[in-house]
Each structure stands twice: as C-alpha cells, then as structure tokens.
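J.: As a plain string of letters, each chain reads:
There are 4 protein chains.
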Amino acid sequence: MTSTQPLAALNEIPAYLQTLLDYEKQAVQHLAPDVWGYLSGGAMREISVGQNLSQFERIQLIPRHLNDLTQGNTSLELFGQHYPHPIFLAPIGHQQLFHPQGEAATTLAAEVMQSNYVLSTFTNTAMDQLNPHNPYKWFQLYWQGSREKSYPLIGQAEQYGFKAIVITVDAPHVGIRDRERQLAFHLPNDMQHPHTPTHISFPDVSPSEHKLFNGLMKVSPKWDDIEWLVKNTQLPVLLKGVLHPADAKKAIELGVQGLIISNHGGRILDTSISPLTALEIIKDHLPADIPLLYDGGIRRGTDVFKALALGASAVLIGRPYIYGLATAGALGVAHVIRTLLEEFEVTMALMGTATLKEINRDYIYRS
Amino acid sequence: MTSTQPLAALNEIPAYLQTLLDYEKQAVQHLAPDVWGYLSGGAMREISVGQNLSQFERIQLIPRHLNDLTQGNTSLELFGQHYPHPIFLAPIGHQQLFHPQGEAATTLAAEVMQSNYVLSTFTNTAMDQLNPHNPYKWFQLYWQGSREKSYPLIGQAEQYGFKAIVITVDAPHVGIRDRERQLAFHLPNDMQHPHTPTHISFPDVSPSEHKLFNGLMKVSPKWDDIEWLVKNTQLPVLLKGVLHPADAKKAIELGVQGLIISNHGGRILDTSISPLTALEIIKDHLPADIPLLYDGGIRRGTDVFKALALGASAVLIGRPYIYGLATAGALGVAHVIRTLLEEFEVTMALMGTATLKEINRDYIYRS
Amino acid sequence: MTSTQPLAALNEIPAYLQTLLDYEKQAVQHLAPDVWGYLSGGAMREISVGQNLSQFERIQLIPRHLNDLTQGNTSLELFGQHYPHPIFLAPIGHQQLFHPQGEAATTLAAEVMQSNYVLSTFTNTAMDQLNPHNPYKWFQLYWQGSREKSYPLIGQAEQYGFKAIVITVDAPHVGIRDRERQLAFHLPNDMQHPHTPTHISFPDVSPSEHKLFNGLMKVSPKWDDIEWLVKNTQLPVLLKGVLHPADAKKAIELGVQGLIISNHGGRILDTSISPLTALEIIKDHLPADIPLLYDGGIRRGTDVFKALALGASAVLIGRPYIYGLATAGALGVAHVIRTLLEEFEVTMALMGTATLKEINRDYIYRS
Amino acid sequence: MTSTQPLAALNEIPAYLQTLLDYEKQAVQHLAPDVWGYLSGGAMREISVGQNLSQFERIQLIPRHLNDLTQGNTSLELFGQHYPHPIFLAPIGHQQLFHPQGEAATTLAAEVMQSNYVLSTFTNTAMDQLNPHNPYKWFQLYWQGSREKSYPLIGQAEQYGFKAIVITVDAPHVGIRDRERQLAFHLPNDMQHPHTPTHISFPDVSPSEHKLFNGLMKVSPKWDDIEWLVKNTQLPVLLKGVLHPADAKKAIELGVQGLIISNHGGRILDTSISPLTALEIIKDHLPADIPLLYDGGIRRGTDVFKALALGASAVLIGRPYIYGLATAGALGVAHVIRTLLEEFEVTMALMGTATLKEINRDYIYRS
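Residue numbers (my numbering), protein chains in the order written: chain A, 1 to 367; chain B, 1 to 367; chain C, 1 to 367; chain D, 1 to 367.
These aren't lab readings, by the way, just hints derived from the structure by calculation. Keep in mind that a hint or two might mislead.
A pair holds if it fits inside one copy or across any two, identical chains being indistinguishable in the list.
Cut-off 30 Å, straight-line C-alpha distance, at most; resulting in silico cross-link-like pairs (DSS-like, lysine-lysine) [what the hints assert, rightly or not]:
| no. | residue 1 | residue 2 |
| --- | --- | --- |
| 1 | Lys163 | Lys357 |
| 2 | Lys149 | Lys211 |
| 3 | Lys218 | Lys357 |
| 4 | Lys222 | Lys249 |
| 5 | Lys149 | Lys231 |
| 6 | Lys249 | Lys357 |
| 7 | Lys211 | Lys357 |
From a predicted model like this one, the values you see are computed outputs, not experimental measurements.
Hey, can you work out the whole structure from these sequences and the hints?
T.: Following this line, the structure appears as structure tokens:
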C-alpha cells in the first residue's frame, strides 16, 4: 500500500467498472489504508472472510432450459410488504468513513434502485433524514445496554416509517481483528452518531469480578430482551447473526418473524460455520413459511441465485455497496446494485426460472 | 500480452507442436488479444472454464491387461450412420476471426480426418459450400426467434446433406464474460454470416414491461418449438446444452433423438454443474440406447476415454481445433484431430479395450 | 536467513506483538538459525507440523447467542485440584537454548499467569528451584532406561510439590528431522541438565544383534513399567503421546488417570494421525470422566475452544510460549499466555458459553 | 536447466545427502537434461507421477506405544526364500544412461545391502555377470513378441540363479510422455542390450489394417501366454503392473504366484488409479496368502510402512536408487537403500511394531 493520498470519489462511472469485483479493486484507491483494513478485513486471520466467498464455488448450478419465461419478474413479498427485487443493503455503520455524504448517499441510491436498506444504529445520518414515503427501509438495532435505552430507537423507527426491526445478536463483543489492530484503526474523534453513543458504557466491575463475563456480558441482550422487544413494537422483528438451528427455533417460538443468517461478514468470530451451510441447515429446522434472509459473500448474480435456492427469501450485500460508495458516492452504490441485479436477472433467465418462488434446491449440485 | 502484431498462420507444423496443450500456447501468438480473450475466455470469473479441465483429473483410470486387441477399432454408429471415430468438432461460429479461411479450412480438415463436423448457424461459410458427399456433417441451429425464420435453415441442412440437426438450448442470453467485456471485444462490422443476421431483433417492449423477461425471452425457443422441430424434419434432432436430468427426460419424450451434454465451454453460466458429472447423472436417468454426446474440456486421449466410460457415445472438441486453425489453418485443424485420435487409440490399447462398446464405468475410479 | 547475530531478548513488549503468530515472526529474529530450525521444525518433511495447524481450519464453530453469561468463568478441576484456566504449558527441555534464564523465566511467567506448567525431565533448572507453594506444576518424565534410574525423579517430583507425573511414551527413538539434520543442530557441550544425563546410555549389542531393536528398544519404557509407575507414586500419572484408542483403553485399565493426546508437535513421526482427530476418536472409546488433555498446534483462542469442544479438559501450548521466551523472557511468556487466554475468553463470549463444561460438540461443524 | 556439462559421479557421499529427496536434488546435476527428463518424467502431464508421491500424505499413521520390541526385525519370506528386509529394487533398463557402470554398480550395491534386485530385460549387463550365489535377485521379462523369442530369457534366468520371473504387463505401448518428447530423448545408438533387441520388430500391416491394433497389439503378451509361461518355468511368476482386481483374480487362477501393484511410475498411462488405492482394493479381492508387492512413489521409511500396512509384503523402489547411481555409482545406490531401510526401522520402532507381520490397517487412518 503506498503512502500517497487516497483518490477523491469519482463523479461518473468509468467503463471498466463492470462487476462488483472491479469495484473492490477501485475502492481501495479511494480509502486510507487503515479505513480499507477496517472495511475489507475481518476477525483474526480472516479465514471466514475468505470462506464467505469461496463457499459459493462449491455450490454448482444445474440449469433448466426451454421454459417460457415471458412473465418473469424478481419481486417478492415479506411481512405484507412488496419488494421489487431481493437485493437488500446490509446495515453498516459510520459510512462517513467511506464518503463525505455517508448514509445520505446510500439511502438515495437505495431508494432509486428500490433496494431495501437496513439502516445501522451506528448511522451518521439520523432516521428522520430519510424519505418517509420510501417503504424499502428497515432499522438495525444494536442493543443499548438496557430496555430503557433501546426503546427510543424502536419508537423512532416506527415513527419514521421503517418497516422492520433487525436486532444484531452475534456481536456481544467486538471481533479480534488482527489486521485492523496492526493498522491501529480507530473512529475519528469527532464523528457524530445521532442515535447512539460511540461506546456503550460498561457496568462497574469489582476487582474480584471478571471484567468480561461480569462486565460487558451484563449489557448484552438476552433472550428475554428479545421477547420484550417483540411485544413492544408493532413492527416485525428479525434476528441478525443466527447460525445455530436451536437458536433459530427458539427465536421463532418467541415471536421473532424472520432471521438473517449471517456471520457478520467474518468480522466477529473467525472460522465460524459458513453461512450458506447454516442457511441450509436452519431452513430444514423451521416451518417453510418463516422468512430467512442471507448475508455474506454475495458478489455475483449467481451467488444471489444460490442463496435463494438454498432457502433465502432475499439477500443482503455489505462491503460491495460500500465499495461503490467509496468509489463514486450515491452513483457508485446505485451502479453496484444495478450491476448485481442485472446479473441476477440474467442468471434467472439462464437457469430457466421465471419467479423467485421457482428457485429451489433442485437447481443445485454440490461438488 | 504484448502490443506486437499477431503472427501469421503457419504453413507447416513445427515439431514442437505435439499435444493440444502445445497448440493452445501457440495459438495465442497468432491472434489479437481481444480475439484471444473471446476465444479462450468464458462466463464471469471463468470457474467453469477451469473446472471443465480439472474435472478430468478426479476421474482415474483402472486399466485391464493381456486381452487380445488385434481386432480393435474406434468406430461407432449413430442414427444409422457409421463414424470412423468418436472425435467430433463442436459448432463454433465466426471462424474467420481466427483464420482468413475460417470454416472452409475447418471443413476441409474435418473431411480429411473423417471427423464429424457440427457446422454453426453463425458460420461464415454457407452450407452449400461444403462437400455434399461427405456424410460426416451435422448442422447446429440457433433459434431464429420464430418457427418461420428457423424453418429455412432446417430445409437447407436437409438439402445439403447434413445428417442431423443440433439445436443449442443453453444460451437464451449471452454469457456475462468479465474478460471479454474488459477487452471490449466485438465482431467486425463487415463480417458476413450467410445464414443468420448477426443479432436477432428483439420484440418491442413497453415501458412497463421487463426488458429481459418480456423482451428477449419471447424470442428464445420453448419446449413446443422443439416438438415442432422434431415433427418438421426428417433428420434426427439433438439438444445441445442439456444438464438437468428432468430436461433430458422431457426431451426424449418429445422425440428428440440424442443429447449433447455441455455447459457451452463455460461461456454462458459460470459455476454450472461439471458436464462430466451431468453426463453420468443423465446417463442413469435415460434408457441405455439414447445417444449422449459429451462436450467440454477434452484435451487428451485419456479425456475421450473417460467421457466414453461415463456414458458418452462420442465427444466434441471446441477451442482445441480453433487453436489448430489459428496456428496453421486446415493443416492445424487436421493435426489437432490426428493428435487427439492417436492419443485415444493408445489409451484404448493401454486400457485393454478393443472397441468403443467395451468402454464403461468398470474402468473408472473416482478419487 | 541472514548471517547477522540474533537480536537480544527484549525488555518490554512492543505494541505490534498482538497474537501468537506475531510472536513466531518475532522469535526467529532472536535465535540462531540452527536453534530456530530445532525449535520450529519437525519430523521428516514436517507434514505433521503443518497439519497440526491446518486441522483447526476444518473444524468450524456454530455460535449460540443471547444466553446469560454474567456468571461465566474459565476454571476447571483436575484430579482434585482447581485450575483457573485450561491453558497449560507443555514440557519442553533445554530452555536455556532460547533465553539465558531458560525454565526459570518460564516458571515465573506461568506462576504469574496461573498457568499449569509441565516441567520437562530435560529442564536446565532443577525441580527444587521452583516455588514449592505454587500448585500449578506437573513433572514430565522421560524414562531413564530402568525403574531404578527413573524412581529418584518421581520421588523428587513428589517432594517438591508437583501435582502429577506425565510420562512421555511416543519417543522411544528421536524423530528423523530433515531440517535439523541439514542444520547440524546439536546441544551445547556444556549444557547442564540437573535431572538426567543428556544421553541415556544404551545397552551393549553383540554383532549379531540388531542395533535398534536389540539395543535402544531395550531401554524404552514398556507397559509393565507404566503399571509399576502407577503403583509407586501417590501422584496421578498421565501418558503423553497416546494416539491409538487401544493404547488409551489399556492405559486406563492399568490405572493411568489421564492422557495427553499429542503427536509431539510433529517432531517424532511425520504424517501421524492429526491429534484433534485422535482426540475425538479416543474420547468416544473411554468413559466420559477420564480427563483428556490436548497438545498440538494451538495458536488462537478459537483453537482452545475447538479442542475443548472435541473432548479435552485442558490444552497445552508448546512452541508459542518458547517464542515468547525467546522474544522477551518471562515477560514474553506471560504475554503469550495472557493473549491466548483473552482470545479464549472472547471466544467463549461469542460462542455463548459461560463455563468450560458447556463446551461440547454441539458447537462444532466439520466442513 | 543450464547448458553446462553434467557433474561427474562422486566417489564418496557428502554429508548433506541424508534423505532420498536429497538424492533427487543431487542427481539432476549429474545427468544431461534429456536423460534427466527421461528418468524423472512420466506420461502426458505427469499427474500420476505427482500422485504416486502425494497419495502417501492422505494415509496417516496411528502409532502404538509401550510394546516390547526387543526381538524386532525386518525380515520376510517369499516363495520359500528368506529376505532380510522388504526394500527391493524395481527393474529399470539402460542403466548405463545414468552411470558408466550401469547395472554392474547396482547389482553390487544390492548385494551388499541384501536388497532383492529385479533385473530388467533391458539391462546393459548380462545375467551371467551377476553373482550366481547371491539369492536376492529376480528377472523381469519384457515379452519378446512370441513364446519362441521369450523362452531363452526364462531359461537363462533359471540357469543363473534368479529366484522369480516378473513379467511386465502394463506397457503394450510406450507411454506418451510430453516432456521426454519435447526433449527429443532417444537411447544412444551404440547402447548394448545383451538380452533383447532395442526395438521389437512389428509384424507387417496391410494398408487396410490398423497400425496399432492389427500391428503392435499382435506382439504383446496375452493371457494364454501367461498360462504358458507359468507352465514352462520352475520359478514363481509374478505379474507387474496389475491394477484392476479382475485381472488380479484371473492371474491367480492361472497359476501366477504374486503380483506387483504398480502404475509403472506414472510413465505409461497418466491419471491411472493411485497404486496404493489399487493395492488396498486388490488385497480385498484375493486370498490373504497371495503375495502382493508394491511399487510407486516410495521415498521415506513411513511410505514403506504404509504400503505394508495396506497389504504389501515388500516394496520396490525405482527412480530413487537411480538417483543414487547417478550421484555416486554403487556407493550411492547402497546409501540410498541404507537410508530408506534405517528410516523404515525407526518407523517400525515409533509405530510399536516388532515384525512385518504385525503391520496392518489398524495402524492407518485416512484423512
């Protein structure tokens, strides 16, 4: 990595940016090395970061041919809401790290592309700044250490027209990220988060108590908090980060309405189960009508198809849209979404599937 | 890749061209970089291009010894026609891209080598230019958007002595080819295709309609077109590109007489099922007497043997004969075929098999 | 490897030493090439050295979420003795090779970190030099060629407060180490071992006898020596190096109280069974209450978790703490232990497990 | 590869030659590039050459401990003959290519090391030049095109004290070796083979006949030739190159007394079944008392142990002893054998096995 200044964001999309992989190669030039390390890196030796990508290669596609696709479309329905396509934007905080306009640019692009956007608790742009009439937005909740401190966020999400609450459950402790620690990355001191303090304050721990178990673990959400959350909002609640089928079943029993199968982009726990594998296992453990969303490693239209074939109703992309944001702001985000959506549509055509409902495991071969 | 001019085609075969892999290394020197990218590349990240080759390494041979092979030969019969050997030439269009004589050179070489040649709809040489007395030729049909526009091609194929119709069904949309797009490859504006317009015109799409599903998909062939085709030609009809056993069964029920198991050289859908795997699965789903042909990744005589052992009656080679064409025109194509055929004959001898009919899965071990 | 002098050991821990892998990269700079080869190398081509590390990647973690961990801790009980955490130090001899203070530094660090230390027979520091009041210490016995010569060591271990005897059974002959032999590594002539001669004297062999089988094998321990050992000490006896389930069962029948599953860091027999695999197999062959300890390739907190999930009560680290010793003496050893322990605690939190007893195979997925 | 002259053979063994792998790195310096390519290379892309080595890594060892090995030895009995150890020398022809003394040096080393030597039909040294009193020698027969031409060789083998006839059955046609062909290797014109013409003359083929099937295949041995051979010699007959269990069973039914499981060092048929796999399969198909010998990829004492554990009575090494021959003549061959034998003895000790008969699959784990 050179010591030169990062390039400024572009104002138009060069012709050579044709795939999400191209955007990754481009974005590294627009970010400082420590921010790039924070964005692209993950837990420990980044084995899970790599496997989130490589797992898709082991899943092979068996196309069907000669079907009539002239009435085809990519739409789906979730919790009574129509979505034009299944490519959603995963919650990512602190987006002003990547582009001066941060989440404001992302929300604009998502709205134009009718891509459902899951706004992070750690957003630099407040919920009330988003278009209240755009129905394609959900709110991601990081537990604020108590029900009292978490409740106002839920209320605002309802007030400003968000259509679901996604609570992240896989990060009671930050991941141990070798690369990020070597780069000594830290958030800018003056960064503003309208909805949360940057660091949740920990409870006091006596000298005889364990700093981690008796301290930080006290302020992480518990199953009864999930039960409380479900009862205290009109919105559907989804858990993000579930990987164990027993957790999946328990969540549904408590009234959770959907799950996002994710290993947090490999940023929290290295060598976790591949989320595609977890998706398939969990799908087999739940009633067929429980919506599962998939998050992790999506880079191509074929990846979207595979996740849907293995049980997902929709997918979330994370780093790729930030690569678009760093490269060209809202324009870059929109182009990333459009690129992936067009690849997915072509994949549907080549697979002989006219609607999302037709996509299932019969189209999959495992090598 | 250097910016120097490509080498002119050779007039004789240098001694160092001894295998099809040697021809690949040679051909790159005779073609412009964008044409080389178009020829050697494939869909997306070219994972399927690579797997078409590597899949053969997982299939191991168990030779038999001490049998009497003195009456051995490589001949086969298909649809009542005798073929001296099972190495056919796959349909590849626009061959003037690779050598000024294009398909004219290929047809000459194929005839000399008694190799059955499947002429592409996108040929630069018209059907009536081929030797009408050479029985080793089939015609590949790209659907022309309607029965009316497709019918004349079928009529000509019958008129000029082609022995079968091969309709390609796996490419209702062109593959998304990263490398080719980066190289901005396009066909020369003045290229002549005697049997088809270079681009089939799409139906008009209203603003509310989906450009892909309501547009392009309207002009792709459907199952009832296959049924119509079978009923409207005296020639046997084969489907090329079938990978799913359910499609294979349906095709046979509709009167299709043979299948070419292929993933289009990895050029259409990346990470598709390996065609050798599909061959074996489909073989198990069909009556034993339905001819299956295999296309994809054949480079060595051992590869031919493996495809036959897993259920193929014959194999098609694609890029390798174009490597021969680019290197040395008709002479190169003929030498490529001869090289592969001799390797296959030696493989038969080393495997202890005297005829194609003896070759079966008993000679195979999977590692 | 350069010919420059090795760096002197550090007096403080630089900020960039954040993981055990960092210590490996650092330690090579503090040791002469032949000592580094001796320390980091292993038997023959070092395939087992590599697999001891890579085996952990095939074991994936399935985290649980939202459990209440506020009463969590890392303690365990073994043979009636309480241990604050399950990270033990494996027996390694000749530690003055790596730092002038040798085992004296290691014992200090182990005591500070409350890490159970298994002192090698080949220690450069005598047993009576260790703190007699520190309960976290075991003694490793290399058989001294006879019961008579071995007995005094057992007596001293009891006298100086060691809590268990670990007898190493997997090294009746030194490993054939290609790298070490090429480097012509040998112990310094003047090195002092207070408890053993550097080389056990072999019995005389007549010309007609086999030097290995009739010579060296005579002085290696036999099953009846183990039986004798168990009967002649009040301390629990553990066998180190067991990999075959039949040996594991026989040992328990003879009164051995625990096993250390180990392939000696890949230093003795190349291409041995991966010790994680052996751990799981042996766990299935023994009563559940027999303590199994795991040794081999532990580098991350996730590795500790995996070994425990597959059946270990505690783990031993070897080379990593020597990397700490070579880098910064007692300070380095302590920091290595602390680093690994903190990673393990975070892993427990991320896995949703509050105590060691909760950790089992339900948290594991094999890819 | 440089254009400098190959080094002359050494007169003593340098200290750095410690393993068979060291000899490979050394030998390349003592041979001309084309001879090195002929010796080290194999069929086509040399996939089988590589797999003959890598297959051993997938086989893991599970050692036993604490057994009494003081009566251990490495001897075996085959066809009523005692052999001090199970490391035999495979038949390799034309050894004057590698050292001026050729087979004369090899036979001397084999005799000193009591290693059973299988002399090739293509030897440059006649059978009568070997020590008639050395019982550790077998004769390898290449079929001479007819019974009449082959019979004299059998007679001489009996006359000069050879203890078995090994007939090679896997090479009715020479392998297609890409590397060797690129190097244009050929035998020196003036090379003397006392027992065979360099090229067996082929029968005349009429223009309508197939050169391979109707020509060369006529002069290759058939099953009834094997039957004839068994009946026309007092010596035990072994087939070399058998890989298919049906061939193995047929051979035994016809009176063949042993088999050498081999893929000819990967020199004949690329991507053949790994010979270790074939050994195990064939062992399961035959009565337990039929001796199977293993040939292919043995480089370490652990490899010898693995082959024996999977069913071999003894193993043959090929290229490694030629590496010794090229490096230092008879001295090099002897040192290669001694090195491998010592590694095997240490492996037996570390595995807890006192005799060859104890070595079986219970000591093996497959990863």
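J.: For every hint, state whether the structure bears it out.
T.: Here is what the structure says about each hint:
1. In this homomeric assembly, Lys163 and Lys357 come within 30 Å of each other (Cα to Cα) only inside a single copy, at 22 Å, whereas the closest approach across copies is 41 Å.
2. In the homo-oligomer, the alpha carbons of Lys149 and Lys211 lie at most 30 Å apart inside one protomer (22 Å), although the nearest pairing across protomers, at 48 Å, exceeds that limit.
3. For a Cα distance limit of 30 Å, the shortest separation of Lys218 from Lys357 across copies, 21 Å, qualifies, whereas the shortest one inside one copy, 42 Å, does not.
4. In this homomeric assembly, Lys222 and Lys249 come within 30 Å of each other (Cα to Cα) only inside a single copy, at 15 Å, whereas the closest approach across copies is 43 Å.
5. For the homomeric pair Lys149 and Lys231, the shortest alpha-carbon distance inside one copy (16 Å) is at most 30 Å, but the shortest distance between copies (63 Å) is not.
6. Taking the shortest alpha-carbon separations for Lys249 and Lys357, both the intra-copy value of 23 Å and the inter-copy value of 23 Å come in at or below 30 Å.
7. Taking the shortest alpha-carbon separations for Lys211 and Lys357, only the inter-copy value of 20 Å comes in at or below 30 Å, while the best intra-copy value is 49 Å.
In terms of the numbered hints stated before, the structure departs from none.
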